[in-house]
Amino acid sequence: MRRRTWIGIAALAALPAWGQDPANSSTEQPAEPSEHGFWSTLREQPLTGALRLDYFRSSKSLDDEVNFIGGTTQLKWLPTLDKTLDGKIEARLTNPDIGDSGETHSKLLEGYATVHYEHADLRLGRQIVAWGRGDGLNPTDNLTPHDYTVMLPFEDDQRFGTTAARLDYFLTTAHTLTFFTTPFFEPSKFPLPAGLGMRDVRPAHSLRNSEAAVKLNKTGDGVDWSISYFHGYNLLPEIRPGAAGLELHYPEIDVLGADMARNFGRYGMRAEVAYFRTEDNDGNNPVAINPYLYAVAGVDRTFLDNLNVNLQLVGRWVQHYTDPSDVADPTTRFAATQNAINLGQQDRTSYGLSSRVSNKWFNDTLEAEVLVFVNFRRTNSYLRPLVTYAFTDSMKLTVGAEFYRGPDNTPFGQLKSNQGYFSELRYSF
Amino acid sequence: MNRKITIALIGLVLGFTGAAAFGTGPTNLSARDVMEKNFYVTKIKAFKSESTLLLINDKGQQRERKSETLSKLQSNGVDSSLVVKFLTPADIKGTAYLQIEHSASDDDQWIYLPALKKSRRLVANNKKDSFVGSDFSYGDILLPKVDAYQHTLVRSEKIDGQDCYVIESTPKDEAEKRNTGYSKKINWIRQDNFLDIKVEYYDVGGRLYKTQTSSNHKLIEPDTKRWLALHREMVNHQTGHKTVLNFDKIDAGIPVADAVFTVRSIERE
Numbered sequence: 002m003r004r005r006t007w008i009g010i011a012a013l014a015a016l017p018a019w020g021q022d023p024a025n026s027s028t029e030q031p032a033e034p035s036e037h038g039f040w041s042t043l044r045e046q047p048l049t050g051a052l053r054l055d056y057f058r059s060s061k062s063l064d065d066e067v068n069f070i071g072g073t074t075q076l077k078w079l080p081t082l083d084k085t086l087d088g089k090i091e092a093r094l095t096n097p098d099i100g101d102s103g104e105t106h107s108k109l110l111e112g113y114a115t116v117h118y119e120h121a122d123l124r125l126g127r128q129i130v131a132w133g134r135g136d137g138l139n140p141t142d143n144l145t146p147h148d149y150t151v152m153l154p155f156e157d158d159q160r161f162g163t164t165a166a167r168l169d170y171f172l173t174t175a176h177t178l179t180f181f182t183t184p185f186f187e188p189s190k191f192p193l194p195a196g197l198g199m200r201d202v203r204p205a206h207s208l209r210n211s212e213a214a215v216k217l218n219k220t221g222d223g224v225d226w227s228i229s230y231f232h233g234y235n236l237l238p239e240i241r242p243g244a245a246g247l248e249l250h251y252p253e254i255d256v257l258g259a260d261m262a263r264n265f266g267r268y269g270m271r272a273e274v275a276y277f278r279t280e281d282n283d284g285n286n287p288v289a290i291n292p293y294l295y296a297v298a299g300v301d302r303t304f305l306d307n308l309n310v311n312l313q314l315v316g317r318w319v320q321h322y323t324d325p326s327d328v329a330d331p332t333t334r335f336a337a338t339q340n341a342i343n344l345g346q347q348d349r350t351s352y353g354l355s356s357r358v359s360n361k362w363f364n365d366t367l368e369a370e371v372l373v374f375v376n377f378r379r380t381n382s383y384l385r386p387l388v389t390y391a392f393t394d395s396m397k398l399t400v401g402a403e404f405y406r407g408p409d410n411t412p413f414g415q416l417k418s419n420q421g422y423f424s425e426l427r428y429s430f
Numbered sequence: 067m068n069r070k071i072t073i074a075l076i077g078l079v080l081g082f083t084g085a086a087a088f089g090t091g092p093t094n095l096s097a098r099d100v101m102e103k104n105f106y107v108t109k110i111k112a113f114k115s116e117s118t119l120l121l122i123n124d125k126g127q128q129r130e131r132k133s134e135t136l137s138k139l140q141s142n143g144v145d146s147s148l149v150v151k152f153l154t155p156a157d158i159k160g161t162a163y164l165q166i167e168h169s170a171s172d173d174d175q176w177i178y179l180p181a182l183k184k185s186r187r188l189v190a191n192n193k194k195d196s197f198v199g200s201d202f203s204y205g206d207i208l209l210p211k212v213d214a215y216q217h218t219l220v221r222s223e224k225i226d227g228q229d230c231y232v233i234e235s236t237p238k239d240e241a242e243k244r245n246t247g248y249s250k251k252i253n254w255i256r257q258d259n260f261l262d263i264k265v266e267y268y269d270v271g272g273r274l275y276k277t278q279t280s281s282n283h284k285l286i287e288p289d290t291k292r293w294l295a296l297h298r299e300m301v302n303h304q305t306g307h308k309t310v311l312n313f314d315k316i317d318a319g320i321p322v323a324d325a326v327f328t329v330r331s332i333e334r335e
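Chains as they are written, first to last, in my numbering: chain A, 2 to 430; chain B, 67 to 335.
Because the hints were derived from the structure by calculation, they are not lab data.
Treat the hints with care, since some could be wrong.
[Said to hold, decoys possible] Restricting the straight-line Cα-Cα distance to at most 20 Å, the calculated cross-link-like pairs of lysine to aspartate or glutamate (DMTMM-like) are:
{"id": "1", "chain 1": "A", "residue 1": "Lys84", "chain 2": "B", "residue 2": "Glu116"}
{"id": "2", "chain 1": "A", "residue 1": "Lys84", "chain 2": "B", "residue 2": "Asp317"}
{"id": "3", "chain 1": "B", "residue 1": "Lys243", "chain 2": "A", "residue 2": "Asp87"}
{"id": "4", "chain 1": "B", "residue 1": "Lys125", "chain 2": "A", "residue 2": "Asp365"}
{"id": "5", "chain 1": "B", "residue 1": "Lys243", "chain 2": "B", "residue 2": "Asp195"}
{"id": "6", "chain 1": "A", "residue 1": "Lys219", "chain 2": "B", "residue 2": "Asp172"}
{"id": "7", "chain 1": "B", "residue 1": "Lys159", "chain 2": "A", "residue 2": "Asp87"}
{"id": "8", "chain 1": "B", "residue 1": "Lys250", "chain 2": "B", "residue 2": "Glu240"}
{"id": "9", "chain 1": "B", "residue 1": "Lys183", "chain 2": "A", "residue 2": "Asp148"}
{"id": "10", "chain 1": "B", "residue 1": "Lys183", "chain 2": "A", "residue 2": "Asp98"}
{"id": "11", "chain 1": "B", "residue 1": "Lys184", "chain 2": "A", "residue 2": "Asp394"}
{"id": "12", "chain 1": "B", "residue 1": "Lys132", "chain 2": "B", "residue 2": "Glu335"}
{"id": "13", "chain 1": "B", "residue 1": "Lys132", "chain 2": "A", "residue 2": "Asp283"}
{"id": "14", "chain 1": "B", "residue 1": "Lys159", "chain 2": "B", "residue 2": "Asp99"}
{"id": "15", "chain 1": "A", "residue 1": "Lys190", "chain 2": "A", "residue 2": "Asp201"}
{"id": "16", "chain 1": "B", "residue 1": "Lys211", "chain 2": "A", "residue 2": "Asp222"}
{"id": "17", "chain 1": "A", "residue 1": "Lys84", "chain 2": "B", "residue 2": "Glu134"}
{"id": "18", "chain 1": "A", "residue 1": "Lys417", "chain 2": "A", "residue 2": "Asp136"}
{"id": "19", "chain 1": "A", "residue 1": "Lys361", "chain 2": "B", "residue 2": "Asp258"}
{"id": "20", "chain 1": "A", "residue 1": "Lys108", "chain 2": "A", "residue 2": "Glu119"}
{"id": "21", "chain 1": "B", "residue 1": "Lys250", "chain 2": "A", "residue 2": "Asp306"}
{"id": "22", "chain 1": "B", "residue 1": "Lys184", "chain 2": "A", "residue 2": "Glu156"}
{"id": "23", "chain 1": "A", "residue 1": "Lys361", "chain 2": "B", "residue 2": "Asp195"}
{"id": "24", "chain 1": "B", "residue 1": "Lys224", "chain 2": "B", "residue 2": "Asp213"}
{"id": "25", "chain 1": "B", "residue 1": "Lys315", "chain 2": "B", "residue 2": "Glu333"}
{"id": "26", "chain 1": "A", "residue 1": "Lys84", "chain 2": "B", "residue 2": "Glu335"}
Build the full structure now, drawing on both the sequences and the hints.
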């Protein structure tokens with residue numbers, strides 16, 4: 002698949018400049034002709050990146066491994082051929098356990114080309130598409146995956162792209178219609194109980210299995226909103242009993258979503274909601290996720306100079322709910338229970354709260370935030386304090402910790418073996 | 067003949083009274099008039115600039131941010147639209163800020179952070195928040211509406227060789243005071259072109275908070291007499307931190323499409 006991405010980028014790079022008016026150019030002037038030719042133009046675009054040295058007390062997998070010293074090189078290149086054609090290549094080379102002969106992994110996070118038409122942008126290649134206006138919790142964000150096992154400190158580090166085509170059609174300066182499609186489904190990576198030897202059964206990469214999404218987005222005049230529809234596969238797997246043992250199955254889903262952001266005086270309000278139609282629409286299959294409604298709504302406000310407080314309420318309502326503990330067969334019961342924990346279907350209704358409190362001092366050289374998620378129904382929680390100090394523009398130190406609380410059979414409680422502190426020294430160039 | 071004399075006399079009288087009403091000399095302008103002229107003197111139809119922000123702490127350690135700015139006056143001739151994209155340093159490259167001013171309501175503001183892959187609407191009333199760690203606040207980037215403050219002419223004095231009006235401006239209501247974090251501003255406004263040379267900002271406790279000075283004033287639009295200070299310094303007296311803003315390159319009078327001032331534009335890394 003990676004090879005396909007590069008071929009796609011190369012093919013696009015070979016296209017002529019399309020002869021379009023550069024509608025999205027910074028001015029209405031025509032594109033400037035290149036004085037130095039194609040390769041010189043590309044060479045003029047600087048490569049940026051970061052060298053990162055990390056320490057994690059615990060792994061992000063469900064094991065008892067501790068003390069990891071990791072090294073990461075992350076490179077980003079934003080080649081611009083002219084005002085109608087540009088692209089992005091961002092890759093990461095990481096060894097999460099240098100001190101204990103860990104393996105080095107490389108990952109192309111994004112690699113795409115974007116063609117800018119007068120009223121549209123077409124992006125082809127491996128890309129991250131992030132939807133939703135909630136803070137950290139996004140019911141409508143189902144297009145591209147996360148790696149929840151990556152041993153790097155920031156939420157953004159978990160994202161990686163899927164090879165896809167995306168067309169943004171700009172109906173007006175305020176309204177955008179987005180189309181997205183990919184035949185290359187790629188799931189999220191999630192810590193699963195070790196030693197179960199589950200077979201990963203992913204949808205084959207084929208046109209027949211293509212995912213598709215459409216979104217109408219509006220920005221400006223005091224309120225931003227969007228409505229969206231997605232047909233594809235759940236990024237997190239269900240565990241299903243198969244002929245040769247347990248399998249990881251990625252159910253088909255249809256998601257109808259909406260979000261909005263609006264300010265009321267000094268308060269910024271955000272809300273996001275999605276209804277998920279699943280393969281088990283009648284709730285008959287105990288190991289399959291049922292249709293559900295997932296909503297997030299909250300406000301943020303800045304106090305004093307830089308103290309930002311962001312609070313969100315989170316709710317889920319499961320249709321045709323059945324208690325997984327009622328399942329008679331032990332294997333099926335195990336799968337149903339684990340799915341209910343991982344996919345938020347332990348109860349017919351569940352509520353929670355997310356809170357992000359952040360502050361900056363000394364002209365943004367010192368930043369701190371505390372992120373909290375709490376599920377009220379079966380009391381379990383996640384707490385992540387994080388402090389970053391910038392010695393210079395290039396050198397930053399981050400120190401943080403992750404704490405999980407709750408019974409072992411709850412979403413956060415089951416991750417208690419992953420808690421611990423971490424730090425990162427980062428040099429950006 | 068008599069008719070011509072009558073018309074000439076009427077013209078003379080009208081011309082005289084008109085001159086008196088609109089003021090021919092500096093002393094005839096009210097404090098509000100001066101601040102209104104100060105507001106409009108930087109309202110350039112459209113420009114593109116490259117600038118450098120130097121953030122200098124009390125020990126003299128320096129950080130640098132280079133950015134590209136596009137600004138355009140909206141069709142009402144009062145409100146501006148503004149896009150700022152950061153080019154360096156590497157860890158904030160691609161970060162972009164969009165502001166659409168609205169006279170009659172809160173401004174629209176968004177910030178695009180490349181790591182998040184999406185734009186985020188900002189709360190426009192948080193005018194006192196620091197702009198990317200500098201000593202300029204979001205409220206300092208575009209001048210506030212003239213009538214958000216009450217203005218009093220304190221005196222006239224010469225500063226940096228320029229005759230200036232010295233005008234004290236106080237927020238008209240508690241909300242403006244709370245949102246900007248300023249209880250008072252003292253402005254030194256050039257009498258010849260109405261550009262500010264110096265502004266002192268006082269915090270809500272009445273203590274001197276920041277001082278902004280400007281120099282290297284350039285006439286950008288000769289026909290409409292629009293000016294821009296190519297060098298600005300903001301000193302925070304309470305922390306000893308200082309921010310220097312230099313416009314390294316300015317292109318004015320260029321056509322700038324409305325599509326530039328959209329979320330689409332700032333999301334283009």
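Evaluation of the provided hints:
no. : hint                 : in the structure
1   : A/Lys84 to B/Glu116  : holds, 18 Å
2   : A/Lys84 to B/Asp317  : holds, 18 Å
3   : B/Lys243 to A/Asp87  : violated, 45 Å
4   : B/Lys125 to A/Asp365 : holds, 16 Å
5   : B/Lys243 to B/Asp195 : holds, 13 Å
6   : A/Lys219 to B/Asp172 : holds, 18 Å
7   : B/Lys159 to A/Asp87  : holds, 16 Å
8   : B/Lys250 to B/Glu240 : holds, 12 Å
9   : B/Lys183 to A/Asp148 : holds, 16 Å
10  : B/Lys183 to A/Asp98  : violated, 29 Å
11  : B/Lys184 to A/Asp394 : violated, 23 Å
12  : B/Lys132 to B/Glu335 : holds, 15 Å
13  : B/Lys132 to A/Asp283 : violated, 57 Å
14  : B/Lys159 to B/Asp99  : violated, 41 Å
15  : A/Lys190 to A/Asp201 : holds, 11 Å
16  : B/Lys211 to A/Asp222 : holds, 18 Å
17  : A/Lys84 to B/Glu134  : holds, 16 Å
18  : A/Lys417 to A/Asp136 : violated, 24 Å
19  : A/Lys361 to B/Asp258 : violated, 41 Å
20  : A/Lys108 to A/Glu119 : violated, 33 Å
21  : B/Lys250 to A/Asp306 : holds, 17 Å
22  : B/Lys184 to A/Glu156 : holds, 14 Å
23  : A/Lys361 to B/Asp195 : holds, 10 Å
24  : B/Lys224 to B/Asp213 : violated, 26 Å
25  : B/Lys315 to B/Glu333 : violated, 23 Å
26  : A/Lys84 to B/Glu335  : holds, 12 Å
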